[in-house]
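A.B. asks: In case you want the letters, here they are:
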Amino acid sequence: MDLEQEKKLVEKAKNDIAAFGEIYDRYYPRIFGYVLRRTANIETAKDVTSEVFFKALKNIGRFHWHDVSLSSWLYRIATHEIANSFRNSKRRQLSVERVSDFISMSNPSVETVLLEAEAELKRHEEYITLCENISKLSIKYQEVITLRFFENKQIKEIGQILGKREGTVKSLLHRGLKKLRGLMEYATF
Amino acid sequence: MKEEELLKKLESVELPEIEIESHRNWLRTALLTTGYTEKRWGVIVYDSVKSRIKAAIAIITRGFTSQQPVWKVAIISICVVVLVASGTWILLNREWASAETLVKLSRIEIEALVSDLTPGKTLYMREQTYQRYGPAAPRIMEGSWYLPESRFGEQWLQVDENGNFYCFQSAVTDSDGNVWQESMTVDGEQLIRSINTGEETWSRWRPYPVTQYMNSALSLPEKLLDRGWELVGDGEWDGRETTVFEKHSYWVNHGTNLEQGYVIPWVADLDAVEIIFRFEIVSDNPLFYSEEMWVANATGERTLVEQHRRINIEVLDEPPPLELCPPPYVIRTFTLNDADEVLDLESLLPARFKRIGAASEGLSREDLGLDSIWSDVVMYRSDVTDELVYAYLTIMPEPADEQARTEVIEGIKAGAPGDFHQSAFGTDAVESDVADFVRNPNGGGYGGAYSDDDGWEYGNVRVDRVFVAIYRISQFQEKEPLSQLAEVIWRRLNKFDQ
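Protein chains in written order, with our numbering: chain C, 1 to 189; chain V, 1 to 498.
No wet-lab data here; the hints were simulated from the structure.
None of these values were measured; they are calculated from a predicted model.
Ideal Cβ placement from N, Cα and C applies to all residues, glycine included.
One or more hints might be untrue.
[What the hints assert, rightly or not] What follows is a list of derived Cβ distance ranges for each label pair: (1) Arg165(C) / Leu336(V): 46 to 56 Å; (2) Glu19(V) / Asn59(C): 18 to 28 Å; (3) Asn59(C) / Ile373(V): 35 to 45 Å.
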């Protein structure tokens, strides 16, 4: 889908829930992936991703293209929600989840799926170690480093997502990497 | 560590690519049934505030007035947390001690089951049910992710030398009374056979190792506690002692949206202020459990909404009834040579249709301008004047790029006469549908049908990289929906690897 088509879709989504469904289908994997890579926690990723799309739905009527692209806008909401999640992690209420799901031997329950997903996550040992070190940095550094390296975003787009100037992003990235390097001196891979 | 080393590590680290399909589907439904776009912002905020206050009052009030001792304990526990830290420690330790005992017991039982599951023996399950209750039941939307209420009859699983289940047979009765049989082959593929019609569908589940299944149940109580579930007491079920866990969620609203809450279609009319997830596990065998969802209203009244039950799992000495297991089946990769089999519509169309050569009608692949990535055109003409059905398919090249998208769109255009381009193809519905296919080239199945006022219909089916286009022209009023043909084709395609 090119930019023009996406613009049309966004305009349509302001009044048409089915069009919002198309946006959701397109961006859910990216946003869930981003949140998961930031938080390294399946449950948190589910909760935060839900929040992102509910907020997107609520605010899509106020979304304007001249500010940021749709992708950057969703990443921006996700970034805010991740920060909120870190801040509220100790008092955060568990979100609604559909525990019951179709259970059969070949189609395991939601709990089982989650357990498997967690096992898959733990398999990425190098990433987990890296993530643990990144999580020790200030949130502002975490944001630029993960957007740059985990999400492959360019400096300009990171600026759009975070609402910061490109120079500021470069500076944050430079300082963040320096701090991370210091932390990694003691990390083992 | 040098800067270059860190950059290299950051750029090359293998990142997790995980998707939770159930969450994706659930969230989609929740979003698309919110009614947000129908409400004004101010109204939503007002509802949100009102609902939150109502929920908070209900929770506090219920804690002190409820006849259920569980709630009193919960509220008292909160007070203890605030006022007497040592008291909290004692209370929590008592609960953990109980859970630990349970974990130990369940581990012993399951380990005994696993060690008993040697080749030749069979895991047997008497029954497994999924039911919805009360006013919530009709609220559950129909959709591919909402499976119907069902009752599994007897199920047998035999374990091979590698620890995989290789024979799985059961009868499933859905809410419409259809009976289905589900089997799994040596290769871990699954056959779903309709008992009513004899129709078969193959699907591709990955093999499910018995150890994985057992491990998911192993220490289940411990895992629930880790996930924030509360141990709320003992119960009894079918004459066996059970342990009950609950997880409470207050992120529920009353038919409209909370700012931080979700509309759940199947609880929307229940004035719910709280959702309670309940796990009741037979104490000496966590493979035998009930998983339930309840909602509570402001007065504390609970309504059961959904229930899953696994009943009576045991290890038998005798093998499963092997005549019920399908033969080993190896899934072939789909090629254009299989197009004729997949597009054979003879048995699906009314008797008035007969297959004809597309070339003789001037509608061969070449006539339509379709290049080598397309199959031949399969065509049926009825004895009713100008009633025609035809279809063809393509296997898309690697992840659909712009060129592939153009080829598909042009191919579809080529299949229809000029006025069809203008009257139907030019609409957003068809255009966006094609775009959707291209956007998700590696996704699951997808089908759709569109028609115009002149008796033309266009349908499509997609399974991974295989894309089928079906057309019908007819002025016949009582025609079967094209989507039915699309669905059958979709099932046939699932027999293949793409």
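A.B. asks: Decide, hint by hint, whether the structure agrees.
C.D. replies: Taking the hints in turn, this is what the structure says about them:
1. Take Arg165(C) and Leu336(V): their Cβ atoms lie about 54 Å apart, and the range 46 to 56 Å holds.
2. At roughly 25 Å, the beta carbons of Glu19(V) and Asn59(C) sit within the given window of 18 to 28 Å.
3. In this structure, Asn59(C) and Ile373(V) meet the distance hint of 35 to 45 Å, their C-beta atoms being roughly 42 Å apart.
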